[in-house]
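J.: Letter by letter, the chains look like this.
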Amino acid sequence: MSLVEEIKGLLGDMAAEITELAPRRVLVELGEDPGAARAAAEKLKKHYGETGLYPMTVASVDRFKEKKIIVNHEIWVLWKGLVILRTMLPRDNPVMKSLAPVFPGFAIDENEQHDLMGVVFEDHPGLKEPLFKPLSLGKNVYPLRKDWRIQRRDPSKLPDRIEADPPKPVAGCQRVVHIPLGPQHPAIHEPIAFRLYVEGEEIVRVEPVVGFNHRGIEKLVETKNYHQALHICGRVCGICNNSHTMAFVNAVEAFTPVKVPERARWLRVLSLELERIHSHMLINAIMAEVIGYETLFMYIMRDREYIMQAKELLTGNRVLSDYIIIGGVKRDLKPEVAEKIKKIVEKTIPRLEYYKKVFMEDTTIRKRLEGVGVLKPSDITSYGLLGPIARASGVKTDVRKEDPHEIYDQLDWEMKVRTEGDSLARMLLRWDEAIESANMVLQILEKLPQGNPVPRVPWMKFPAGVGISRVEAPRGELTYYIEGDGRPQPYRVKIRTPSVHNVYNGAVFFRGAYLADAPVVLVSYDPCISCMERYLVIDLHSNKRYLGITRGGELRLKPLS
Amino acid sequence: MATLRTPEFRGVQRVDITKCTGCSLCSIHCPTGAIKMKRVQGRRAPYPTIDYSLCIYCYQCVYVCPFKAYVVSDKPMGPLTSRPPVHDPYEEYVKEKGEPPPEPRMPGRK
Chain A
1 MSLVEEIKGL LGDMAAEITE LAPRRVLVEL GEDPGAARAA AEKLKKHYGE
51 TGLYPMTVAS VDRFKEKKII VNHEIWVLWK GLVILRTMLP RDNPVMKSLA
101 PVFPGFAIDE NEQHDLMGVV FEDHPGLKEP LFKPLSLGKN VYPLRKDWRI
151 QRRDPSKLPD RIEADPPKPV AGCQRVVHIP LGPQHPAIHE PIAFRLYVEG
201 EEIVRVEPVV GFNHRGIEKL VETKNYHQAL HICGRVCGIC NNSHTMAFVN
251 AVEAFTPVKV PERARWLRVL SLELERIHSH MLINAIMAEV IGYETLFMYI
301 MRDREYIMQA KELLTGNRVL SDYIIIGGVK RDLKPEVAEK IKKIVEKTIP
351 RLEYYKKVFM EDTTIRKRLE GVGVLKPSDI TSYGLLGPIA RASGVKTDVR
401 KEDPHEIYDQ LDWEMKVRTE GDSLARMLLR WDEAIESANM VLQILEKLPQ
451 GNPVPRVPWM KFPAGVGISR VEAPRGELTY YIEGDGRPQP YRVKIRTPSV
501 HNVYNGAVFF RGAYLADAPV VLVSYDPCIS CMERYLVIDL HSNKRYLGIT
551 RGGELRLKPL S
Chain B
1 MATLRTPEFR GVQRVDITKC TGCSLCSIHC PTGAIKMKRV QGRRAPYPTI
51 DYSLCIYCYQ CVYVCPFKAY VVSDKPMGPL TSRPPVHDPY EEYVKEKGEP
101 PPEPRMPGRK
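Protein chains in written order, with the working numbering: chain A, 1 to 561; chain B, 1 to 110.
It is worth saying that the hints were derived from the structure and are not from the lab.
Cross-link-like lysine-lysine pairs, in silico, BS3-like; alpha carbons within 25 angstroms at most:
#  : chain 1 : residue 1 : chain 2 : residue 2
1  : B       : K68       : A       : K461
2  : A       : K219      : A       : K133
3  : A       : K334      : B       : K68
4  : A       : K342      : A       : K416
5  : B       : K36       : A       : K224
6  : B       : K75       : B       : K36
7  : A       : K461      : B       : K36
8  : A       : K259      : B       : K68
9  : B       : K75       : A       : K334
10 : B       : K75       : A       : K340
11 : B       : K38       : A       : K224
12 : B       : K36       : A       : K219
Whole structure, please, built from the sequences with the hints as guidance.
T.: Quick look at the structure:
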């Protein structure tokens, strides 16, 4: 039975209309009832079980002319398809019931839509504003609404100092110390802060603080045409830039009648898999560095450089490839270059196997990672954790198998799953996947069909429509929601990166871990915020402040006046 | 191995003004606004100028150009202080040849 029929049987009485947007994408129109989405989500959860579906994202669109705001709650039914619960709200008073009590993973997505679009969610566990937008913008200003224009702000009017919320006491704990982790992190350049509440050695509460690097890309691409927006979306993230362009192009191609040459589809997958190898090598190298093996870090990074070279041979750049375009790829692969890439990848496979062996057999690595940060499958699905984290806990989910785009269904490969759920399993799974990806690259180079993958002229006619794409980025599932209205610019682009769920929701599971394990667990999530080099310790009871410095693995506390 | 850079690298691209017809497609497609069309006295068609301090070397201009007027290389830009960051093909042609470049011949016209 297909998903549409299942959903019609389940939600037929409460939905105004149920349609199939595309294969494996079901749109459920719930009308203007603010509580309908919650009731529908409860029904879905009851039918498919706790580990049968997970929250993907919330995409809200401002329909300025109709004076409505539509809120799409996207829920992925594992191995079946995507259910979009669409609620129409009046633009002047957009209030609806939150889905966070049903799926805790929706909390961050709903908070984002509240922050940037101004939708109010009732019964939400804690709507924070401002969350992503700059503090200086003030409350009740919603940048993603269509009547808000991008404007240059007067720097003299910006606040020179922003006070953080004071630390709150934790119920049931006697002596709690508050330790900020971040926002300036030396290991991988991602500014994010975690406020760790520690009792003794144990973490009792975590509050992630985000928004240090919010660049407003979703608003920016609404002002650019599709070809310009493609290049800007490729710069959301450096490591997975190819996945971002792929997701953008897939979403646009879903509602545009553009034909993609067969050879282009193979070349796209080739670039995506090369990217996965070097991303997994990077995070494993960082893990080696966090544990204290700097030599292993340098070894892995050296071998990673060859993969970067292969990517440069294919796309023209080590990191920012700008390779995938609407209707094809930007350049063809010459046979002599393909031979070079093949040689590099053949040379790398034994190295990947060697590093996997190191991670499996080294005593120090095992002692540091085994049994640390264990995640249960029900945690994974209800909080919407994605990618290698989910697969290391035994949740069988991979976009490339579940929802194959391009030519993933024509390749012979295996989805790697581990059941331990600890940090070591996550790192080993990345090595497994890197080896599998290397084999896929060799397979693609062998089977590559002939033809011209480069479209002769750029596609210029973009109709009105909705496209939702899912791409398996190295860090997990990446999804784009793109709405076009027939103009050369996209009307709305909603980006949900895997790290939003993995970092923000994964932080909940620091509870119960030891303070010293926090960096290891963080790195094993692959958002790569790690290495406490310098932090501030505030004793909440005596209100004394110390500056903590880690030097040679030893913690020193310097009292501050 | 002196450098890891390969001949496939996307380096500095320049404009061959004798091929440019002034259709402005590259300027329309440029995601960062590095390419601006410029008009000069005595030339009918506008021509593109590239500001390398804004350029991200995505090669969209190279891809969209219908007359293949962009000349590509595998050389990186290097520090921007050592040369003017704006590439003006008209002025460079005049400096080199001592005369303004010929007017573009429109396809399909005599």
